[in-house]
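There are 2 protein chains.
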Amino acid sequence: MGVVVPLGEKNDGGRASLQPLLDLVAPDMERINETILSHAQSHVDMIPQLAGHLINSGGKRLRPMLTLATSRMFGYEGEHHIPLATAVEFMHTATLLHDDVVDESDWRRGKKAARLIWGNQASVLVGDYLLGQAFKMMVETGILEALRILSNAAAIIAEGEVLQLAAQNDVSTTEDAYMEVIDAKTAALFSAAAELGAVVAKRPREEQEALVSYGRNLGIAFQLVDDALDYAGESDKLGKATGDDFREGKITLPVVLSYRRGSGEERAFWKRVMEKGEQREGDLEQALEIMNRHDAITGTMERARHYGAIARDAMAWFPQSGPRDALMEAVDFCIARVS
Amino acid sequence: MGVVVPLGEKNDGGRASLQPLLDLVAPDMERINETILSHAQSHVDMIPQLAGHLINSGGKRLRPMLTLATSRMFGYEGEHHIPLATAVEFMHTATLLHDDVVDESDWRRGKKAARLIWGNQASVLVGDYLLGQAFKMMVETGILEALRILSNAAAIIAEGEVLQLAAQNDVSTTEDAYMEVIDAKTAALFSAAAELGAVVAKRPREEQEALVSYGRNLGIAFQLVDDALDYAGESDKLGKATGDDFREGKITLPVVLSYRRGSGEERAFWKRVMEKGEQREGDLEQALEIMNRHDAITGTMERARHYGAIARDAMAWFPQSGPRDALMEAVDFCIARVS
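First to last, the protein sequences are chains X and D. My numbering applies: residue 1 is where the first sequence begins, and numbers increase by one. My numbering applies: residue 1 is where the second sequence begins, and numbers increase by one.
Check each hint, because a few of them may be wrong.
As the list claims (entries may be wrong) - Under the rule of at most 30 Å between Cα atoms (straight-line distance), these lysine-lysine pairs were calculated in the DSBU-like manner:
id, chain 1, residue 1, chain 2, residue 2
1, D, K202, D, K60
2, X, K250, X, K276
3, D, K250, X, K112
4, D, K276, D, K250
5, D, K112, X, K250
6, X, K250, X, K271
7, D, K202, X, K202
8, X, K276, D, K112
9, X, K111, X, K60
10, X, K250, X, K112
11, D, K111, D, K276
12, X, K202, X, K60
13, X, K276, X, K112
14, D, K250, D, K271
15, X, K112, D, K276
Note that these hints are calculated values from the structure, not bench results.
Turn these sequences into a full structure, and let the hints steer you where they fit.
Structure, rendered in structure tokens:
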């Protein structure tokens, strides 16, 4: 298929790594795992079973990590970052469960989607259960500002999902309209997760806002890279088969760019495969050829780097420290991630 | 079909009415309607369309009424009961949307189910949106105790829904197991709605607990009457076709009682129509005959009156007042409702 995704690099030219961030949050992450397991318990067997399937399915838990790492950056010594970070992960997991039902997805992170094992019904209801648990955990912290941030994120995420559904399969979606969707459905939770660090540590508003900007732009970059990898990645490394978005007729930035930059004939191709859903043998290869011809994947990566740079600059505003540098390197890692 | 449901009566022997409660909350209810409309707004058209379909579909809004009426009973003069009662209604509406998807229902209150018009996907996502809005509204009041109550209710409701799904179609469900389901999926929100009145008015714990008991038992009675009416009601008055639960293979108390009280042959009938879902012409009539033979519907109504009596006694603990009496009469109305 021959599409080369340029890797992100650290400022010193070395390969970006998530390791400094992982090391920073490792002790807290243990506690998050315990909190996740204890709050996904229920005497209704299906709940821990289904939740466990998703929770143990190898996600990086990047979102809760943001809450933990930003708390650490401020030297926060309290306990509230643990339930809040867990609530963030539960909100994310609930969204995945509902997304799989809405998208009729068969796979999630290289594992069979929960809906295929337990059914759509259980996926909807266990998603609701996890949202309820998330909400309870936040409330128990008693931090109203954290509640404001997370309830706001929940409403924005859901609105973004509906927006995406309404624009579904429309290949003439503009780049701006697409950005609006991912700003809501992906970036809002990254932003909230990062902001919470400043909230628990009671930092001034300008620091809180810097974290909002960091999280939001990192989230956008992360989603765009995800979109690019769906066409350019290696299936086995990603836990996601190349071409999943294509097969589901999901409009992402590589398609938006290909359609806008393409010829009349190419546009007819996109309309057939994405809007009408008429896909034949060889269509994915042709899609990749068209994308290559118009630099749609490298274009998507360029956009991702743009947002990544904004995230780095938002973080650069803080005084140099180990945690700050780990958070900055995480941006490069997200852009470079192929493993 | 010849099943007679005994009507509830007021203590003075007259017909119970919801009118005193409706009159009590009428001015606040106007504000609830405005709050509902303004919070179901979005530039994503599908959200106000779908939410409007459900919100305007003629529900009695009994749950928010409980918050309003209990607040009034304490002479509460503030503003917080409005967003809290609206949040209760949004939580309820979100549950209905998700329920219809899970149950594959075609009708809701005599109108086409939203999922048939906008699709299952939109129903899942707009449900999430309404939950997010509910959460935002509660957080804006800044009353942590109210947040604790409603987040707890959200988790319990979702757990009850999963429990119901797991027990689905099992005709040998015990009465206790069935009661556990409705205690969670229906009574928890009634209970929370009533309790909020004591919370906004900052009443002592014992009064709060009396309202928990009132709401919970009213909710159970309400659900049991609903179950009975599905077999004994008149379709056009209910906005729900007689036999809906039967056709969907939903196990409710009339079925639980009929199965437990029935002969081997009758049990085989229930297994065929409810568990295997093999329904033929005349099966609903036969189901009603079996129910009649074993007093399963009158038995369900007896249980409902038991819980109704507990609700009345919980309320009787408060000094006599117009609002208190309206709340007590509402119990009788719920048991008597055929209109």
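Is the hinted pair K202 of chain D and K60 of chain D satisfied, with a Cα-Cα distance of at most 30 Å? This hinted pair holds, its Cα atoms lying about 27 Å apart.
Has the given pair, K250 of chain X with K112 of chain X, been kept, meaning a C-alpha gap of at most 30 Å? Judged against 30 Å, a Cα distance of about 19 Å means the pair holds.
Holds or violated: are the alpha carbons of K112 of chain D and K250 of chain X at most 30 Å from each other? 29 Å, holds
Restraint status (C-alpha distance of K111 of chain D to K276 of chain D at most 30 Å): Holds, at about 28 Å.
Given the hint that K250 of chain D pairs with K112 of chain X, does the C-alpha gap stay at or below 30 Å? OK: K250 of chain D and K112 of chain X at ~29 Å, within 30 Å.
For K250 of chain X and K276 of chain X, compute the direct alpha-carbon distance and say whether it is at most 30 Å. 12 Å, holds
Check whether the Cα positions of K276 of chain D and K250 of chain D lie no farther apart than 30 Å. This hinted pair holds, its Cα atoms lying about 12 Å apart.
Given the proposed pairing of K250 of chain X with K271 of chain X, does the C-alpha separation stay at or below 30 Å? Judged against 30 Å, a Cα distance of about 12 Å means the pair holds.
K250 of chain D and K271 of chain D were given as a pair; does the straight-line alpha-carbon distance stay at or below 30 Å? Holds. K250 of chain D to K271 of chain D sits at ~12 Å (cutoff 30 Å).
Taking 30 Å as the top limit, are the C-alpha atoms of K202 of chain D and K202 of chain X close enough? 29 Å, holds
Given the hint that K276 of chain X pairs with K112 of chain D, test it: the Cα-Cα distance must not exceed 30 Å. Given pair K276 of chain X, K112 of chain D holds - Cα atoms ~27 Å apart, limit 30 Å.
For the pair supplied as a hint, K111 of chain X and K60 of chain X, is the alpha-carbon distance within the 30 Å limit? 15 Å, holds
Taken one by one, the earlier hints all hold for this structure without exception.
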